[in-house]
Amino acid sequence: MVGLSEGEKQFLRGGIEQNLRADGRTRNQFRPISVETGVIPQANGSARVRLGATEVIASIKAELGKPSVLHPDKGKVSIFVDCSPTAAPIYEGKGGEELSMELSVSLERCLLGGKSGAGAAIDLSSLVLVEGKVCWDLYIDALVVSSDGNLLDSLAAAIKAALSNTGLPKVNVVLGASPEEQPEVDVSDEEFLQFDTSAVPVIVTLTKVGKHYIVDATSEEESQMSSAVSVSVNRNGQICGLTKRGGAGLDPSVIHDMVSVAKYVSQEFISVLDSEVAAAEASEE
Amino acid sequence: MRDLHLSLNQTQRVRLQAALDQLESDASSTAAAAASVTVADTIPVNHEDNILKGHGTSDLDGQVVATLCGVVERVNKLVYVRALRSRYKPEVGDIIVGRVIEVAPKRWRLEINFSQDAVLMLSSMNLPDGIQRRRTAVDELNMRSIFIENDVICAEVRGFQHDGSLHLQARSQKYGKLEKGQLLTVPPYLIKRRKQHFHHLEQYDVDLILGCNGFVWVGQHVDTTTKESTLLSDEPSDKEETNNAVPPETRRNICRIANAIRLLSVIGLTLSVESVTETVEESVRANVEINEMLSAEFYVQTVEREAQRRASLVRKRR
Numbered sequence: 001m002v003g004l005s006e007g008e009k010q011f012l013r014g015g016i017e018q019n020l021r022a023d024g025r026t027r028n029q030f031r032p033i034s035v036e037t038g039v040i041p042q043a044n045g046s047a048r049v050r051l052g053a054t055e056v057i058a059s060i061k062a063e064l065g066k067p068s069v070l071h072p073d074k075g076k077v078s079i080f081v082d083c084s085p086t087a088a089p090i091y092e093g094k095g096g097e098e099l100s101m102e103l104s105v106s107l108e109r110c111l112l113g114g115k116s117g118a119g120a121a122i123d124l125s126s127l128v129l130v131e132g133k134v135c136w137d138l139y140i141d142a143l144v145v146s147s148d149g150n151l152l153d154s155l156a157a158a159i160k161a162a163l164s165n166t167g168l169p170k171v172n173v174v175l176g177a178s179p180e181e182q183p184e185v186d187v188s189d190e191e192f193l194q195f196d197t198s199a200v201p202v203i204v205t206l207t208k209v210g211k212h213y214i215v216d217a218t219s220e221e222e223s224q225m226s227s228a229v230s231v232s233v234n235r236n237g238q239i240c241g242l243t244k245r246g247g248a249g250l251d252p253s254v255i256h257d258m259v260s261v262a263k264y265v266s267q268e269f270i271s272v273l274d275s276e277v278a279a280a281e282a283s284e285e
Numbered sequence: 001m002r003d004l005h006l007s008l009n010q011t012q013r014v015r016l017q018a019a020l021d022q023l024e025s026d027a028s029s030t031a032a033a034a035a036s037v038t039v040a041d042t043i044p045v046n047h048e049d050n051i052l053k054g055h056g057t058s059d060l061d062g063q064v065v066a067t068l069c070g071v072v073e074r075v076n077k078l079v080y081v082r083a084l085r086s087r088y089k090p091e092v093g094d095i096i097v098g099r100v101i102e103v104a105p106k107r108w109r110l111e112i113n114f115s116q117d118a119v120l121m122l123s124s125m126n127l128p129d130g131i132q133r134r135r136t137a138v139d140e141l142n143m144r145s146i147f148i149e150n151d152v153i154c155a156e157v158r159g160f161q162h163d164g165s166l167h168l169q170a171r172s173q174k175y176g177k178l179e180k181g182q183l184l185t186v187p188p189y190l191i192k193r194r195k196q197h198f199h200h201l202e203q204y205d206v207d208l209i210l211g212c213n214g215f216v217w218v219g220q221h222v223d224t225t226t227k228e229s230t231l232l233s234d235e236p237s238d239k240e241e242t243n244n245a246v247p248p249e250t251r252r253n254i255c256r257i258a259n260a261i262r263l264l265s266v267i268g269l270t271l272s273v274e275s276v277t278e279t280v281e282e283s284v285r286a287n288v289e290i291n292e293m294l295s296a297e298f299y300v301q302t303v304e305r306e307a308q309r310r311a312s313l314v315r316k317r318r
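Respectively, the protein sequence lines represent chains C and Y.
Under full-length UniProt numbering, the letters of the first sequence match residues 1 to 285, in that order.
Under full-length UniProt numbering, the letters of the second sequence match residues 1 to 318, in that order.
The hints are simulated quantities; they were obtained by calculation from the structure and are not laboratory data.
Among the hints, a few may not be true.
Said to hold, decoys possible - From the derived model, a few chain Y residues whose C-beta atoms are all more than 12 Å from chain C:
| id | residue |
| --- | --- |
| 1 | 15 |
| 2 | 43 |
| 3 | 49 |
| 4 | 51 |
| 5 | 60 |
| 6 | 86 |
| 7 | 107 |
| 8 | 163 |
| 9 | 174 |
| 10 | 177 |
| 11 | 183 |
| 12 | 198 |
| 13 | 218 |
What the hints assert, rightly or not - Distance condition first, Cα-Cα at most 27 Å in a straight line; then the derived DSSO-like pairs of lysine-lysine:
| id | chain 1 | residue 1 | chain 2 | residue 2 |
| --- | --- | --- | --- | --- |
| 14 | C | 263 | C | 244 |
| 15 | Y | 192 | Y | 53 |
| 16 | Y | 106 | Y | 53 |
| 17 | C | 211 | Y | 192 |
| 18 | C | 9 | Y | 177 |
| 19 | Y | 106 | Y | 174 |
| 20 | C | 9 | Y | 53 |
| 21 | C | 9 | Y | 180 |
| 22 | Y | 174 | Y | 89 |
The structure displayed is predicted, hence computed values, not measured ones.
From the three backbone atoms N, C-alpha and C, an ideal C-beta is built for every residue, glycine too.
Chain C with its partners taken away, still in its complex shape:
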């Protein structure tokens, strides 16, 4: 990341205080978002999301597997993020590992709920085919191609778009004669079941610079942040996850205010994202 001079930093901070950022946005505006679905034909579902100069690609692959012994009635979902060195030279080799881990964990927390599966955005019981024996394993992989701030929001949007693009093949299960036998599965090539993504939340990150918080910070604005709160909100306005980053401490009333601002901003973002995804799916056909 290129450094900023003192004059530029002051200009940036002054702009945030006066509610006019460097590209003309107010504090609560997102950059224009562009969505393409079906970019990876071999995957069950995929999407590429561009938020300004930030670009991420998410792909979803589904494989048949055995559910875990602790939760025989739930499928499995795992999320993995990779920061490509094309995004920034520091991500080369092991440099991007820490950021990738942090992003993967935040996304898992927001989308998969608690350890028992409570509060998950993706209904894991819908992934089970035969209880205790056969279930779908979803592998969600995301790649950060270009980074200009606000990676978490764009990753969540890409995963949401990829999920709506996902088609799980219809499976005919033939139960074996005895309960211990492994059932036979016949994976159909023709029929597909679409995912219902109306319950999948989006993440809105609020970056605190000075006394104000901004939505969708560019990497220059992020370099000036004191702390950031990422809130995951679904369409009903319910909070599905919360992450706080940054060294500065925050007063509880400030966090309360940030959460309500995130809720308000997320409703418009969800509708914009849904319309973009619908347009992308329509143009893909």
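Keeping the supplied structure of chain C fixed, place chain Y upon it in accordance with the hints.
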């Protein structure tokens, strides 16, 4: 600046394609003499004359073949290919905007969007007290009080060093540290060399510096005649922040001009004071919000306006 990926709806796509087609047809009708070549095209040349093969050409089986994509230029006996898009090619006297990356003994090293870093010697820079004197060891130790890492500086190319890197000078009052604004990066070939690179847009109270290396500075106007006095006084930095905050109206103008530059660089039009001010005035006339200047609708409108302008120029010429 990366390309804008705009979601154009069907009508916008149709309009954009029509405007681009019109621009292309205008270009081909006026540029009949310009021979554009791609790599491995043979350049038509009269073999009886002793032709000097210049940059971008190569001899292949007795034929002169282009090694670049560009336009063939002929000057007396010299034939060369001028590339349309290339890295910044510095010349002596160019106005440059750069960022300090290192404070070295008796010099500053600047990053200027070139293959090598440029060097600004301490002796090529005015001292804060303005006196012309020999630089002493104390001056060398106080270099940090003039420029520090990451500062944005405006300077002029003085010459080339033996290894090809640039030597800069910033002796005039109009050169020096740039504050209270933003730095934009555009492809260097969009900025042509003109007589003036410093523009003071009076109606907006904004300074616009089009650096030949592709760095463009848009900031609040600084009166260069009073610049020296501010360097002498020792104001503490937070007092400066509250006193010298950019007023909201100027900030709006700065953001509008910056967005106009971003838009023009994405379309690929040459950046000049006239094109930038025209785009800004058009956006104000059309009541476009500042952040909407980068949207699909204004993008298509700007391309259409450029097509109309060139068509009317062609008609006037006939």
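Hint-by-hint comparison with the structure:
no. : hint          : verdict
1   : 15            : 18 Å, holds
2   : 43            : 37 Å, holds
3   : 49            : 49 Å, holds
4   : 51            : 43 Å, holds
5   : 60            : 36 Å, holds
6   : 86            : 22 Å, holds
7   : 107           : 18 Å, holds
8   : 163           : 24 Å, holds
9   : 174           : 16 Å, holds
10  : 177           : 7 Å, violated
11  : 183           : 7 Å, violated
12  : 198           : 17 Å, holds
13  : 218           : 10 Å, violated
14  : C:263 - C:244 : 16 Å, holds
15  : Y:192 - Y:53  : 26 Å, holds
16  : Y:106 - Y:53  : 42 Å, violated
17  : C:211 - Y:192 : 42 Å, violated
18  : C:9 - Y:177   : 14 Å, holds
19  : Y:106 - Y:174 : 22 Å, holds
20  : C:9 - Y:53    : 50 Å, violated
21  : C:9 - Y:180   : 9 Å, holds
22  : Y:174 - Y:89  : 23 Å, holds
Hint compliance for this structure: hints 10, 11, 13, 16, 17 and 20 are broken, all remaining hints hold.
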